[in-house]
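Using the hints provided, position chain B relative to the given structure of chain A.
Number of protein chains: 2
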Amino acid sequence: MSELQKALDYASQNRGRFLNKLIEVLKIPSISTDAQFNSEVLRAAEWMADTLKQLGIENVEAMPTEGGHPVVYGDYIKKPGAPTVLVYGHYDVQPPDPEELWETGPFEPQVRGDLLFGRGSSDMKGQALAAFHAIESLMKTGGMPVNLKFLLEGEEEIGSKHLEPFLQKHAEKFKADVSLNPDAGMMGIDMPTITYGLRGLSYFEINIWGPKADLHSGLYGGAVHNPAQVLTELVAKMHDEKGRVTLPGFYDPVRTLSPQERADFARLPNDDASYLKETGVPALWGEEGYTSAERTGARPTLEVNGLLSGWTGPGSKTVLPAKAMAKISCRLVPDQIQAMVKEQMESFMQENAPKTV
Amino acid sequence: MSELQKALDYASQNRGRFLNKLIEVLKIPSISTDAQFNSEVLRAAEWMADTLKQLGIENVEAMPTEGGHPVVYGDYIKKPGAPTVLVYGHYDVQPPDPEELWETGPFEPQVRGDLLFGRGSSDMKGQALAAFHAIESLMKTGGMPVNLKFLLEGEEEIGSKHLEPFLQKHAEKFKADVSLNPDAGMMGIDMPTITYGLRGLSYFEINIWGPKADLHSGLYGGAVHNPAQVLTELVAKMHDEKGRVTLPGFYDPVRTLSPQERADFARLPNDDASYLKETGVPALWGEEGYTSAERTGARPTLEVNGLLSGWTGPGSKTVLPAKAMAKISCRLVPDQIQAMVKEQMESFMQENAPKTV
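So the protein lines, in turn, are chains A and B. Heads up: the first sequence begins at 10 in the numbering used here, then just goes up one per residue. Heads up: the second sequence begins at 10 in the numbering used here, then just goes up one per residue.
Isolated chain A (complex conformation) (with noise of 0.2 Å):
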């Protein structure tokens, strides 16, 4: 029997007691955006250090970062000469809203049938553990092959702004010689998918003020100009006819993809009639001149997360509302950089945004 089939076996034999412990740290709501639930953010780091502990992980701590998460770390080094991967892991979620639409608790993990629903389980808790479950597997079958070391964040979700800092100052510890990121799908439940390239994130809120107070729109409309209303034709204008982004230099950075790229793209299982099953939209939409594999795969896009203004409860009221707010981020490909798309941001507000707010 080989080593791997010996590990694969075991992992078969300990389904149960994997899922139950994916089943525990599920339960944690360690929702990175929102501060009331810093201590429980801080909780899941906790469970993941004890959990690497348990595995048989040395030198585990949660590090703090400064005015973030913290990152838990801990290495396995038992094989002088070998390579080092560094196992990449976040500990934190998005926010479960709207809760409404889940049919069981976002924190309440419940098996149906072949799947477990809960939040966090496919991104990233579920991965996370699969990866240390691995190990496990490998360690108590025939040993572990490579030196390992462990970087768990609590900041993927908002950004991983405290993560590049810390980094720069604990370049020493972290170093590795092949990293492994288990954050990303499969293609298909029997398609196995090496993701070698993840878009980065730029997060931003942009707020229009216009008069000091909530007008009415019947005594000020039509000499005010309306915040919401601004808002609106400055996010339009963030997309061309062509589905560009138009914030300016945004596609300078963008490498050209190579004919093999676009190959390897059109062989992927996730075609326009998978897109439309998925999402139930009539139509797809997107920049010219790519599928959508690509678009979501390959090229950069500039997204609208939410809006606000004025009123939004049931019925009707004629105001002229003094703010307007919209989230946006933009998916981020090789090149580009977060500090040059904030600046193309700033520009294109400053050209754009007019005089009146």
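Everything labelled a hint here was simulated from the structure, so no lab data went into it. Keep in mind that this is a model prediction, so the values were computed, not measured. There could be a bad hint or two in this list.
Covered by chain A, according to a simulated footprint, are these stretches of chain B (three or more residues, beta-carbon under 8 Å) [what the hints assert, rightly or not]:
(1) 90 to 100
(2) 264 to 277
(3) 320 to 331
(4) 336 to 350
(5) 359 to 366
Think of the CB as a built atom: it goes at the ideal place given N, C-alpha and C, for glycine as much as any other residue.
Frame of chain A; chain B shown alone:
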């Protein structure tokens, strides 16, 4: 002493009692748009009916409308041959949100210096009671020179949807020679004002549905048209670069202002400086070719009253929302018909909404 002076003296002597009556009715949260407050709206109707009875008005009744809030009727027909004045008013108010911007509770009226603060004090429980107390002052001193009828509705703030069929049904009862509507302001504290025209209203809620559920903006952004993006594009397109509304045919029935009307508008004290001061905006905005007073007084407008989509809480969430909503209202001028504007909005949406949502 003239009849008028006697009435004015009576009003001065009873100022405190009149103010207390107003404070009493301002405490009733008669928010017509929110069904939770239906019993309060009814209580305000009953308060109005009782008050008319106390004035000596006869045949007072709160008449039900078909599915809406009641209309309070009453009459005082004592002068055969004299004209009959129909006094119009409404006892409903707008929602007081956002409550945190009120220094004192919206339904806890407070006198500060010469001013009274409370929801409905100037729109229009205040004016309704000014009319009632003027009538009392005349009745108690020299008698009422005209016949009176009253029409006090409870749906002015939500478009008076049930009033038209109600009036068609009861046309004979409400017949009058002239109608008085005190629901308008004065141009200044020393400038008694007769308003001879008010604009109408057409209110819309626009909902854009895209995918069947909220999506991850990294996995689907760029391939699925974002409903919030589509909404901003549609709303932005409702005005052209000259500040004109682009609904097809919107201005067709609008009358041209006569030179006399434009001269009268120019005499009004609400000039650009006063708009800037009142609103605190850095610059005014509006339809090209008209003054602010004309834009707000005699030109039709389209305003965004509300926007809602996706994640609007603190922090970030990379959601591609399934739905986006805008509340939009148009102020209408003579010869613009609500039903026509509804058709114009529908045409606009059919012409401009993409097939991707």
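Going down the list of hints, with the structure as the test:
no. : hint       : in the structure
1   : 90 to 100  : violated (count 0)
2   : 264 to 277 : violated (count 0)
3   : 320 to 331 : holds (count 11)
4   : 336 to 350 : holds (count 3)
5   : 359 to 366 : holds (count 4)
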